[in-house]
Amino acid sequence: MRMELEPLHPIQIERFRSMSFREKMSVSRGLFRMAWRARFEAARKTHPELDESQCQQLVAKEFARSRN
Numbered sequence: 001m002r003m004e005l006e007p008l009h010p011i012q013i014e015r016f017r018s019m020s021f022r023e024k025m026s027v028s029r030g031l032f033r034m035a036w037r038a039r040f041e042a043a044r045k046t047h048p049e050l051d052e053s054q055c056q057q058l059v060a061k062e063f064a065r066s067r068n
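Counting from 1, position 12 in the sequence shown corresponds to residue 12 in the numbering used here; the numbering is continuous, with no gaps.
Source of the hints: derived by calculation from the structure; they are not laboratory data. There could be a bad hint or two in this list.
As a list, the in silico SDA-like pairs of lysine to any residue whose alpha-carbon atoms are at most 25 Å apart [as the list claims (entries may be wrong)]:
| hint | residue 1 | residue 2 |
| --- | --- | --- |
| 1 | 24 | 35 |
| 2 | 61 | 38 |
| 3 | 24 | 43 |
| 4 | 45 | 21 |
| 5 | 61 | 10 |
| 6 | 61 | 21 |
| 7 | 61 | 49 |
| 8 | 61 | 31 |
| 9 | 61 | 40 |
| 10 | 24 | 48 |
| 11 | 61 | 47 |
| 12 | 45 | 56 |
| 13 | 61 | 41 |
| 14 | 61 | 26 |
| 15 | 24 | 50 |
| 16 | 24 | 44 |
| 17 | 45 | 61 |
| 18 | 61 | 50 |
| 19 | 24 | 10 |
| 20 | 24 | 51 |
| 21 | 45 | 2 |
| 22 | 45 | 34 |
| 23 | 61 | 13 |
| 24 | 24 | 34 |
| 25 | 61 | 44 |
| 26 | 24 | 14 |
| 27 | 24 | 47 |
| 28 | 24 | 49 |
| 29 | 45 | 14 |
| 30 | 61 | 37 |
| 31 | 45 | 24 |
| 32 | 61 | 6 |
| 33 | 45 | 62 |
| 34 | 24 | 7 |
| 35 | 61 | 35 |
| 36 | 45 | 25 |
| 37 | 45 | 26 |
| 38 | 61 | 7 |
| 39 | 45 | 13 |
| 40 | 61 | 27 |
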């Protein structure tokens, strides 16, 4: 499934362009953590039989596959 993104507003584009590398990395880490937590919680609901460690492993495998 391909996700369609809304176009960025020109003010957003300007803000992203003016960000330092450190700021961009901080934002990307935050987005990654947010995505990880959301997927982890979804995995716990979808697979109630798995313990926390198993859910973490499942999410780690999914994230590893998504990088390809």
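We went through each hint and held it up to the structure:
no.: 1; hint: 24 - 35; verdict: 16 Å, holds
no.: 2; hint: 61 - 38; verdict: 15 Å, holds
no.: 3; hint: 24 - 43; verdict: 28 Å, violated
no.: 4; hint: 45 - 21; verdict: 36 Å, violated
no.: 5; hint: 61 - 10; verdict: 36 Å, violated
no.: 6; hint: 61 - 21; verdict: 28 Å, violated
no.: 7; hint: 61 - 49; verdict: 18 Å, holds
no.: 8; hint: 61 - 31; verdict: 18 Å, holds
no.: 9; hint: 61 - 40; verdict: 12 Å, holds
no.: 10; hint: 24 - 48; verdict: 36 Å, violated
no.: 11; hint: 61 - 47; verdict: 15 Å, holds
no.: 12; hint: 45 - 56; verdict: 13 Å, holds
no.: 13; hint: 61 - 41; verdict: 15 Å, holds
no.: 14; hint: 61 - 26; verdict: 24 Å, holds
no.: 15; hint: 24 - 50; verdict: 35 Å, violated
no.: 16; hint: 24 - 44; verdict: 30 Å, violated
no.: 17; hint: 45 - 61; verdict: 17 Å, holds
no.: 18; hint: 61 - 50; verdict: 15 Å, holds
no.: 19; hint: 24 - 10; verdict: 17 Å, holds
no.: 20; hint: 24 - 51; verdict: 34 Å, violated
no.: 21; hint: 45 - 2; verdict: 23 Å, holds
no.: 22; hint: 45 - 34; verdict: 17 Å, holds
no.: 23; hint: 61 - 13; verdict: 33 Å, violated
no.: 24; hint: 24 - 34; verdict: 15 Å, holds
no.: 25; hint: 61 - 44; verdict: 15 Å, holds
no.: 26; hint: 24 - 14; verdict: 13 Å, holds
no.: 27; hint: 24 - 47; verdict: 34 Å, violated
no.: 28; hint: 24 - 49; verdict: 38 Å, violated
no.: 29; hint: 45 - 14; verdict: 39 Å, violated
no.: 30; hint: 61 - 37; verdict: 14 Å, holds
no.: 31; hint: 45 - 24; verdict: 32 Å, violated
no.: 32; hint: 61 - 6; verdict: 28 Å, violated
no.: 33; hint: 45 - 62; verdict: 16 Å, holds
no.: 34; hint: 24 - 7; verdict: 19 Å, holds
no.: 35; hint: 61 - 35; verdict: 14 Å, holds
no.: 36; hint: 45 - 25; verdict: 30 Å, violated
no.: 37; hint: 45 - 26; verdict: 29 Å, violated
no.: 38; hint: 61 - 7; verdict: 30 Å, violated
no.: 39; hint: 45 - 13; verdict: 36 Å, violated
no.: 40; hint: 61 - 27; verdict: 23 Å, holds
When each numbered hint is compared with the structure, violations occur for hints 3, 4, 5, 6, 10, 15, 16, 20, 23, 27, 28, 29, 31, 32, 36, 37, 38, 39.
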